[in-house]
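Student: Chains as they are written, first to last, in the working numbering: chain A, 9 to 344; chain B, 5 to 333.
A portion of the hints provided could be inaccurate.
Derived coverage of chain B by chain A (criterion: at least 3 residues anywhere in the stretch with Cβ under 8 angstroms from a Cβ of chain A; other residues may be distant) [unchecked claim]: (1) 188-201; (2) 225-236.
For lysine to aspartate or glutamate, the following DMTMM-like pairs were computed, each having C-alpha atoms within a straight-line distance of at most 20 angstroms [said to hold, decoys possible]: (3) 262(B) with 281(A); (4) 211(B) with 281(A); (5) 151(A) with 285(B).
Some but not every residue of chain A turned toward chain B, in silico, with C-beta under 10 angstroms [as the list claims (entries may be wrong)]: (6) 160; (7) 162; (8) 166; (9) 170; (10) 201; (11) 235; (12) 252; (13) 263; (14) 267; (15) 268; (16) 269; (17) 272; (18) 280; (19) 282.
Hints are computed from structural coordinates only; laboratory data are not their basis. A virtual CB, placed ideally from N, CA and C, is assigned to each residue, including glycine.
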Amino acid sequence: MAIERTPLLSVQDLVVEFSTEHGVVRAIDRVSFDVYPNETIGIVGESGCGKTVTGLAVLGLIPSPPGRIVSGRILFQGRDLAKLSESELREIRGRDISMIFQEPMTALNPVFTIGNQMIDVLMVHRGLTRRQARGASIEMLDKVGIPVPGMRIDEYPHQLSGGMRQRVMIAMALSCDPKLLIADEPTTALDVTTQAQVLEQINKLQEEFHMAVILITHDLGVVAETCRRAIVMYCGRVVENAAIENLFRRPLHPYTAGLLDSIPQIRANRLAELPIIPGRVPDLLNLPDGCRFAERCCKVSERCRRESPVLEAFGDAGDCVACHTPGMPIRETVDV
Amino acid sequence: MSDTGKTPPLLEVRGLKKYFPVRGGVFNRVMAQVRAVDGVDFIIEQGKTLGLVGESGCGKSTLGRAILRLHEPTGGQVLVDGKDFTALSRKALVAERRRMQIIFQDPFASLSPRRTVAQIIREPLDVHRIGTVEERRQRVIELLDVVGMGPEVRDRYPHEFSGGQRQRVGIARALALNPSFIVADEPVSALDVSVQSQVLNVISALKREHGIAFLFISHDLAVIQHISDEIGVMYLGRIVERASVEALYRDPKHPYTKALMSAIPVPDPTRKSQRIVLGGDVPSPMNPPPGCPFHTRCPEVMAKCRSVVPETVDVGDDGASHVVACHLY
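Given the sequences, and given the hints that come with them, work out the whole structure.
Tutor: What follows is the structure in structure tokens.
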């Protein structure tokens, strides 16, 4: 796979804060990563780790107030999105960068037909006439695997099943041929068999449209099957950023290793006890001084409690990790 | 299901059905029936766990509730220790239900926000007037200990806890009356993976140390495998395959079970799974297709499947039961 070496998107030291009743919460703290054209990267982590906020920040969709981008840069094709005005951002959103959300029912407007919602987007961003836009929409619905698209286009969102709605969302997101697609838990609300259909569709379209995809998910299985690289977030920070084979075979951060261990998976021999990560995620309002994972870490040392580790390169494969004692044992591949 | 002289199983479900009427029109007449559960049979022995797996809308939650008569069944029987639970009067039901409890999926919705942890856990004891005030207080501390929480949380409110801890409170409440059977309806689906395994370990310990039988409902085949002794795969209100955990994962028979297993994303990038991607969606239970309910999506469909409902047959070898409802067998 030939990958161009200039990143399409480069997020650098991004900090986003929200003011709440109880004080200012730093939802993401110095988050940095690059996305190259044509590649799919995953952002993984548990609820509240800041993965969705990261996605929203790239699109300039952080609700403000209460949220704001405090510092950092979001370079997209060389332009800093964090500095653009709302109208400039609107130009980019939908045309160059698209997003699909977890719950398609809330993202689609219930009082308009599928066609109405798709056609508007095409008329605004690609300057098509209504007739052309309708044709393009039907073609797009067909591409995402909606049966009888010519009829479905005049239906309302409630007439479609969950899987079909999500495919409509994908069709809308891709209709303007974006360079970057941000998919936030696109299959979490779906059943496994439907999830398989939707993931296959995203993979196929990613190749066909040569776009980059940021897949935000809590499911490491989904990441393993779709992404080339993955970023692991914990408590607002990136703790590891690695090529997918490396991440699963020899995780660098103890949290990544713990996460991999605790995925329920079908095993040839059942375990009496599932491996767990003890304790729980610290409160964002009351963060510890040193490493945020220290209290739950199996390798914790005095230094971890004192000094917060920064994200640094590890090895020569372009992987990075934020840990004072990086490197976990090599994992045996899963056998079923 | 032979009536031999041995002790009856803890729970036996025979031909259980639950239909929901769909009303409409000018006179609000019953226009159609949603066949949420359509003739289900199984047995759960004491201390054993039956895992029930299926996609949303297949009727697995309704089945769990129909067994406890939280939904009054439309037909069929539920036998508890050989006694007909479905025939009990309302009053007798309340007493009998002490032995049967339920844990819900959403730990944010199933605990009253205005009650403290101690009040929530004590409620079943209060309702059934068990023990003195002091005994109930002691029992709450014991129950918290069973689910791995300290006594200091007693006076706190649900909103102060994370999802995993709330789910533990829900489990403690379900244990208050020493039940012999618990329906666990997607108890870990709303939790993050690292917390999910903590809660699963609590449930495993309950099986092991307290001999409680579970009907464990989940859409996640990996979770189900970990916790169950036997597994039933549900599709459109019916159990299409039921077997011991080992047999089901080693040798799934029904094409739906095979597709379901292949659809799980494998957390190993070096192994690209051989996936059977099913076309289409689950048909509406209001208007199920004739013949085998799965024929509209089945990769191995034959002419017969479109018209004849497959009988349930036992294909198990060496005496172990492995039942499947498919014309291939």
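Student: All hints, please: hold or fail.
Tutor: Results of checking the hints against the structure:
1. Evaluation of the coverage hint for the region 188-201 of chain B: fulfilled, as 6 residues show C-beta separations to chain A shorter than 8 angstroms, against a requirement of three.
2. Requiring three or more residues with a Cβ within less than 8 angstroms of a Cβ of chain A, the coverage given for the region 225-236 of chain B holds, as 5 such residues are present.
3. Pair hint residue 262(B) plus residue 281(A) does not hold up; C-alpha atoms about 27 angstroms apart against a cutoff of 20 angstroms.
4. Between residue 211(B) and residue 281(A) the alpha-carbon distance is near 12 angstroms, which keeps this suggested pair within the 20 angstroms criterion.
5. With a C-alpha separation of about 17 angstroms, the suggested pairing of residue 151(A) with residue 285(B) holds against the 20 angstroms cut-off.
6. Proximity of residue 160(A) to chain B is violated relative to the hint, the smallest CB-CB distance being about 13 angstroms (cut-off 10 angstroms).
7. The interface hint given for residue 162(A) is broken, as the beta carbon of that residue sits about 19 angstroms from the closest beta carbon of chain B, more than 10 angstroms.
8. A hinted interface residue such as residue 166(A) counts as satisfied when its beta carbon comes closer than 10 angstroms to some beta carbon of chain B; here the least separation is about 14 angstroms, so the hint is violated.
9. Look at residue 170(A): its Cβ gets to within about 8 angstroms of chain B, closer than 10 angstroms, so that hint holds up.
10. Interface restraint check: residue 201(A) against chain B, minimum CB-CB distance 5 angstroms, threshold 10 angstroms, status holds.
11. Of the supplied interface hints, the one on residue 235(A) holds, with its beta-carbon coming within about 8 angstroms of a beta-carbon of chain B, less than 10 angstroms.
12. Given hint, residue 252(A) at the interface with chain B, holds; its Cβ is 5 angstroms from that chain's nearest Cβ, closer than 10 angstroms.
13. Here the hint on residue 263(A) is kept, as its CB sits about 9 angstroms from the closest CB of chain B, short of 10 angstroms.
14. Hint status for residue 267(A): holds, given a least beta-carbon distance of 6 angstroms to chain B, under 10 angstroms.
15. Using the Cβ-Cβ criterion of 10 angstroms, the hint placing residue 268(A) at the interface with chain B is satisfied: the shortest such distance is roughly 7 angstroms.
16. Because the closest C-beta pair between residue 269(A) and chain B is about 8 angstroms apart, less than 10 angstroms, the hint holds.
17. Because the closest C-beta pair between residue 272(A) and chain B is about 4 angstroms apart, less than 10 angstroms, the hint holds.
18. The closest approach between the C-beta of residue 280(A) and any C-beta of chain B is roughly 7 angstroms, which is under the 10 angstroms cut-off, so the hint is satisfied.
19. Evaluation of the residue 282(A) hint against chain B yields a held restraint, the C-beta minimum of about 4 angstroms falling below 10 angstroms.
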